[in-house]
Amino acid sequence: MNKLTLNRKKILFSALALVTLFLPSLIFASDVNDGGVLSSISSGLEKVLWLFVNAVFGFLVWVAGTLLNLAVTTFVVGFADLYNNSGLGFAVDRLWEVVRDIFNLTFIFGLVYIGFKMILNAGDTDARRMLAYIIMAALLVNFSLFFTKFIVDFSNVAATQVAQAFDHSNPTGTYEVSDGFANVLGLSSIWDDKTLSNFTTNQVGSGFTYVFGTMITFVVMAFVFFAGAFLLIIRFVVLNIYMILSPIMFLGWVFPSMANYSRDYWKGFLGRAFFAPAYLLMLYLAFYILTNFQNASNISMAEIYAKGNATSNEIANVIAMFLVTCVFLVAAVVVANRMGADGASGVINVGRNLAGRARRATQRGAGNIVFGITYPARAGIRTAVNASGAHSERKLNELQTRSGVLGTASRWNWVDKTIRGGAEKQKNAELGTGTTNQREREYKQSTQARANQTRGEQERKDKFEENNKILTDHTKSSSSLSDALEELGKTIKQMTGIEKERLGFDKLNTQNVAVHLSDDDITNLEKTGKFSSQQIQDIKNTRNNAFTNISTHGNVLGAGKDSSGALVYAHPNASSVDQKPSMFTRNVRDIGKMPIDIFKQSNMYDHITPAMLEERIKNGMSSKDKSDVRVALSTNLGISSTDIPEETALGKNNPWVKWANGNSNYAAQFFS
Amino acid sequence: MSTEFDNFLKSYKESDKNIKDIIDSDEIGIFVENILKDTPYSGLKSKLIVITSNNLLNLISDIDLPDKLTKLAIDNKTTQVLSVKILNFVKSLTKNPDNTKTDFDQGAGKPFNTTNTPQP
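As they're listed, the protein sequences go chains A and B. The first sequence begins at 1 in the numbering used here and counts up one residue at a time. The second sequence begins at 673 in the numbering used here and counts up one residue at a time.
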């Protein structure tokens, strides 16, 4: 900031000096006329001064301009050629490798340090953050030279584009930045004979204006060209050093205390790199403005200096153009430096932001990586610690059952609390794994149970389909049909409510399936809300029909009667299939809800037990039904329908005898 | 026309859970077996179970109970004994849990006060 203020002061001072120098000359040009003596003295002095200015300052401008052209052509535009073909690049690459290896060593030490830190305290966030940085740095340090080269190339390409805007028609390929300025300022015409003769023969004092004006212009231009040239040459050298030391750019990531070095590196490097395009851009702005300015004024600086009777407009234009030229030229150096620095700061801020994001992402990734890498070790230790806790607890329990001193001591509250508390802590220690043996065991069991359930569901589904297919296959024997029906029944009973629901109405509404549904099953189907009331009723009716078919025809395989009244089965081998036994394998409560007609079939009492009948009575039975049922039972037992099952006829172990002579209220009511 | 069996099932369905539990259990059967143990009427066990359960379900009134027993050809003396036993048994089964307090609980042995002072 102070530097900028100082430069501004210098520029202001130079402008005031220029104006001061110009004003006397203009007064002399209009007012002084001494009759020839003064003129001849003045003329001689002007020539001497001119020769001096021309020889010394003109030479300086030439040297500075040539140097600037050389700097632009060789050290900016030709940066890459010089780097690659002069052996400099090779040297820089080798030296960079040495520096990189040194930094890699520091990274290894850093990793070891962080490793110890994490082992001692796995949850340390500082260690995790540092790890994230070190991983990023270790990766990126190998690309540090690439990054610097990329930035240097980018800045050089940008500078080249600006330099090409100047006149570079020189057949040697030199970028003649300074020549463009010389042309636009009309410096070439300063040496023109005609112009010189003009001012030497003109009014007294006009030559001084020309000489001093030219001198100041020369001085300013020489300064600007020299400054630019030297800064560009210095830039070349410094950028090479920055490339060698490029690993420093990540040093601060690994060692936070060295963050300043990295920040300074970035700032210096970017400032230097972008000085070239910034400087040339400022020069070009000056060049462009001056070119258009001169075109508008239609008079060259040399002509103004030489012309004693210039108009006020012409003078104002020339003064203005001269001032603008000087300001732009000086500003080119000042502003370019500033732009480079500010640009570098901006880029650093952007870079820091990006680095922060990358760091956070890496930290997360690193955290996960570290978590993943160290997990097996921690899990192993946790397993051992948990097992040790469980073992200690068991041993304590065993000890507490014993008599004697040890047993007594182990039952003391203090001892129990201490040992059990410690064992409990060990059992529940997570050690950063987020789990314990007990939870892992439970989780494993639940996973296994889920897998088993899924496997079971799949197996049941397959069995269901397979057995249903057998039942529709007319080539299957009666034993295959029996087996299929039995398997189907078992499978349906094993199915969960959801599995049964998934069968869908069409399958549930077949007698094969419905006959195996319990009342609870049907209630649950109803509760799912996926079946209408009519569908539920249809399923119930189908089930009752199936029961009736089984009790009357033995099975549900589509038995019917032909015109003569003989039974006809849809399946050719179904006649000998008997589903009755399987029908009564369900629980008594469900059997008690079966249709009353089943209980009116005498052959059903091969399977119906007194408990089943009692359950059926509880669920409702009219006195008429009771009579029919009693007839059926008596028929099956081979006794008179008015007789009560007796020990003498049926034996004391007959269940019906036991039921009739036991303490059942229902038996008493049934046989009364 | 409803028969005794129909009435039994109807009353059973309408009765509360305690009564249903008693009917479902063999409590009445065991009681009947016990009261017939020292009588020559053990063959009437089933009939007596029906009578007792019907009395429990109020299908047979306490007054009609002796007649029902008499109709089973049980002698008068035994009828009286059995009737009392059955009625007591049914009463013990149907006793309201809130009315299970003894006389002592109701105030016997306590000093007289405004609530339990004997009135002339």
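It should be emphasised that the hints constitute simulated quantities derived from the structure, not laboratory data. Predicted, not measured: the structure shown is a model, and the values here were computed from it. Don't be surprised by glycine CBs; every beta carbon is placed ideally from N, CA and C. Hints may be right or wrong, so weigh each one.
Simulated restraints, written as ranges between beta carbons of each label pair [said to hold, decoys possible]:
no.: 1; chain 1: B; residue 1: Lys709; chain 2: A; residue 2: Val588; range: 29 to 37 Å
no.: 2; chain 1: A; residue 1: Asn636; chain 2: B; residue 2: Ile735; range: 37 to 45 Å
no.: 3; chain 1: B; residue 1: Ile735; chain 2: A; residue 2: Asn524; range: 17 to 25 Å
Partial chain A-side listing against chain B, Cβ under 7 Å, derived [said to hold, decoys possible]:
no.: 4; residue: Thr383
no.: 5; residue: Gln535
no.: 6; residue: Lys624
no.: 7; residue: Ser627
no.: 8; residue: Asn663
no.: 9; residue: Ala668
no.: 10; residue: Ser672
Heads up, simulated EDC-like pairs for lysine to aspartate or glutamate below, C-alpha to C-alpha not over 16 Å straight-line [said to hold, decoys possible]:
no.: 11; chain 1: A; residue 1: Lys463; chain 2: A; residue 2: Glu486
no.: 12; chain 1: A; residue 1: Lys490; chain 2: A; residue 2: Asp462
no.: 13; chain 1: A; residue 1: Lys618; chain 2: B; residue 2: Glu676
no.: 14; chain 1: B; residue 1: Lys719; chain 2: A; residue 2: Asp597
no.: 15; chain 1: A; residue 1: Lys618; chain 2: B; residue 2: Asp710
no.: 16; chain 1: A; residue 1: Lys425; chain 2: A; residue 2: Glu398
no.: 17; chain 1: A; residue 1: Lys626; chain 2: B; residue 2: Asp734
no.: 18; chain 1: A; residue 1: Lys618; chain 2: B; residue 2: Asp693
no.: 19; chain 1: B; residue 1: Lys719; chain 2: B; residue 2: Asp693
no.: 20; chain 1: B; residue 1: Lys757; chain 2: B; residue 2: Glu676
no.: 21; chain 1: A; residue 1: Lys624; chain 2: B; residue 2: Glu676
Verification of the hints:
1. Lys709/B / Val588/A: 29 to 37 Å: Holds - the Cβ-Cβ distance for lysine 709/B and valine 588/A, about 31 Å, lies within 29 to 37 Å.
2. Asn636/A / Ile735/B: 37 to 45 Å: Hint holds: Cβ distance 42 Å, inside 37 to 45 Å.
3. Ile735/B / Asn524/A: 17 to 25 Å: violated (50 Å)
4. Thr383: violated (54 Å)
5. Gln535: violated (29 Å)
6. Lys624: violated (9 Å)
7. Ser627: This interface hint is violated because 9 Å lies over the 7 Å limit.
8. Asn663: With a closest approach of 2 Å, the asparagine 663/A hint holds.
9. Ala668: holds (4 Å)
10. Ser672: holds (5 Å)
11. Lys463/A / Glu486/A: holds (11 Å)
12. Lys490/A / Asp462/A: holds (13 Å)
13. Lys618/A / Glu676/B: holds (15 Å)
14. Lys719/B / Asp597/A: With Cα atoms ~28 Å apart, lysine 719/B and aspartate 597/A exceed 16 Å; violated.
15. Lys618/A / Asp710/B: violated (33 Å)
16. Lys425/A / Glu398/A: violated (19 Å)
17. Lys626/A / Asp734/B: violated (28 Å)
18. Lys618/A / Asp693/B: Since the Cα atoms of lysine 618/A and aspartate 693/B sit roughly 12 Å apart, the hinted pair holds (cutoff 16 Å).
19. Lys719/B / Asp693/B: violated (20 Å)
20. Lys757/B / Glu676/B: Violated: lysine 757/B and glutamate 676/B sit about 23 Å apart, past 16 Å.
21. Lys624/A / Glu676/B: holds (12 Å)
Checked against the numbered hints above, the structure breaks hints 3, 4, 5, 6, 7, 14, 15, 16, 17, 19, 20 and satisfies the rest.
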